[in-house]
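Chemist: Line by line, the protein sequences are chains A and B.
For the first sequence, our numbering assigns the number 203 to the initial residue and increments by one for each residue that follows.
For the second sequence, our numbering assigns the number 88 to the initial residue and increments by one for each residue that follows.
Heads up, none of these hints are tricks.
Only pairs whose alpha carbons sit at most 35 angstroms apart, straight line, appear in this in silico DSBU-like list of lysine-lysine:
1) A/K251 / B/K160
2) A/K251 / B/K147
3) B/K160 / B/K147
4) B/K160 / A/K253
5) B/K135 / A/K253
Honestly, the hints are just simulated from the structure, not real lab data.
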Amino acid sequence: MNCRSIRRSIPLLAGNDISERKARRLRAHLERCEICRNEFRPYSAALGKVKELADRETAPEWTDTEWQALMTRTTSVRIEKRRFFSLAFGNSPFPAPLLGLALAVPAVVIGLVLWNTVLKPKSSPIVPAPAYVRRPEPTPPITAPTRQNQKEEKEPDVRSQEKSIIVARTQERERPAPRPNEPAAAQKESSQDVVSVTLVSQETGLKVVWFLDKNFEWKGEGK
Amino acid sequence: MVLAGKKEAFEPLVLPYRGSLLSLAFRMTGNMEDAKEAAQETLMRAFKYLRRNDPERSFKNWLLGILVNEARKLRVDRINAPLSLETEVGSDRRLAANGPAPGDAHAARETRSQLMECLTALTAREKEIFLLRDIEELSVAEAAEALGTSSISVRVNLSRARKKIKDAILARYPHLAEDVR
Numbered sequence: 203m204n205c206r207s208i209r210r211s212i213p214l215l216a217g218n219d220i221s222e223r224k225a226r227r228l229r230a231h232l233e234r235c236e237i238c239r240n241e242f243r244p245y246s247a248a249l250g251k252v253k254e255l256a257d258r259e260t261a262p263e264w265t266d267t268e269w270q271a272l273m274t275r276t277t278s279v280r281i282e283k284r285r286f287f288s289l290a291f292g293n294s295p296f297p298a299p300l301l302g303l304a305l306a307v308p309a310v311v312i313g314l315v316l317w318n319t320v321l322k323p324k325s326s327p328i329v330p331a332p333a334y335v336r337r338p339e340p341t342p343p344i345t346a347p348t349r350q351n352q353k354e355e356k357e358p359d360v361r362s363q364e365k366s367i368i369v370a371r372t373q374e375r376e377r378p379a380p381r382p383n384e385p386a387a388a389q390k391e392s393s394q395d396v397v398s399v400t401l402v403s404q405e406t407g408l409k410v411v412w413f414l415d416k417n418f419e420w421k422g423e424g425k
Numbered sequence: 088m089v090l091a092g093k094k095e096a097f098e099p100l101v102l103p104y105r106g107s108l109l110s111l112a113f114r115m116t117g118n119m120e121d122a123k124e125a126a127q128e129t130l131m132r133a134f135k136y137l138r139r140n141d142p143e144r145s146f147k148n149w150l151l152g153i154l155v156n157e158a159r160k161l162r163v164d165r166i167n168a169p170l171s172l173e174t175e176v177g178s179d180r181r182l183a184a185n186g187p188a189p190g191d192a193h194a195a196r197e198t199r200s201q202l203m204e205c206l207t208a209l210t211a212r213e214k215e216i217f218l219l220r221d222i223e224e225l226s227v228a229e230a231a232e233a234l235g236t237s238s239i240s241v242r243v244n245l246s247r248a249r250k251k252i253k254d255a256i257l258a259r260y261p262h263l264a265e266d267v268r
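Given these sequences and hints, build the entire structure.
Modeler: Encoded structure:
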């Protein structure tokens with residue numbers, strides 16, 4: 203402890219308002235340091251003088267008549283009634299924060315139960331997606347007509363001969379592996395849908411497939 | 088007993104503090120008229136709100152806490168109210184009429200004025216704390232409880248108050264400074 207911090211504590215030391223441990227350290231310092239001791243002594247003397255003046259002072263007093271009149275006036279006042287809290291809990295041994303917590307916990311639980319049972323808005327029913335967003339049924343892959351197939355087609359089934367069948371299929375072209383230099387837009391373009399239209403002759407059984415892009419522009423044909 | 092409806096039991100309850108209430112009120116307000124008003128108001132409030140007193144706390148400290156608040160309110164009222172010469176003269180006459188014999192009264196007034204003059208060096212807060220701690224001899228914790236503040240605040244204000252009082256006393260009694268050297 204240096205003299206500066208000692209001097210800050212001197213007014214409290216003069217009235218014995220610091221802990222015993224700190225007071226011992228301060229007194230030990232005062233015995234060694236004359237400057238601090240000279241700082242401390244006037245405080246003790248001044249406090250002693252003030253107490254002496256206070257003791258010598260004639261205390262003001264009420265006369266008996268005044269006192270009796272005051273007591274009559276005082277006791278004519280109505281005593282305050284018990285407040286709601288003390289009325290409800292009386293002289294409870296629990297401190298107020300504990301009681302508050304004890305009340306708050308059931309209140310929160312009741313609130314949660316009410317919310318879940320009565321007050322919570324019900325979730326909207328599941329609306330089926332419109333038809334146009336439905337995923338199309340998977341279609342079998344188109345295979346190029348082989349000689350055997352052609353032979354089979356030359357001898358068509360009775361049911362297939364009844365009428366020409368036009369089948370329009372939509373399939374996604376196999377996406378080629380993106381080239382490193384290809385821009386992103388071009389890569390996107392390659393994954394566009396291709397529409398195929400299959401024409402089957404009722405008489406000969408010949409099958410022609412037209413490939414159209416998404417704008418119905420001719421892309422090619424297959425047999 | 089008082090709370091049970093026996094109002095007469097209030098007087099024995101407050102009688103031991105009759106003198107200290109009035110003298111503290113006088114030191115706080117600085118004049119007899121205000122001191123009596125503050126002490127009277129204190130007793131009336133204490134009776135009215137007796138149910139709020141915590142039996143585990145000291146009754147005297149509770150009373151002193153109310154008195155400090157009443158004195159503070161009165162001081163604020165006096166600051167806001169216009170000064171009246173008649174009130175001051177009347178107060179002095181009453182003081183003279185209620186006091187001891189003329190010779191003793193002069194000595195007492197001299198002592199009182201010396202102490203009161205030292206106390207004028209303090210701010211209102213410092214005066215409250217100094218009076219409770221060093222004159223009424225409450226502990227720091229009790230003073231803090233009575234004033235509704237922290238012990239740290241009491242210690243800080245007490246330090247300042249003692250320093251100012253020391254300066255005021257040494258200015259008034261220079262021989263004290265020489266005696267201690």
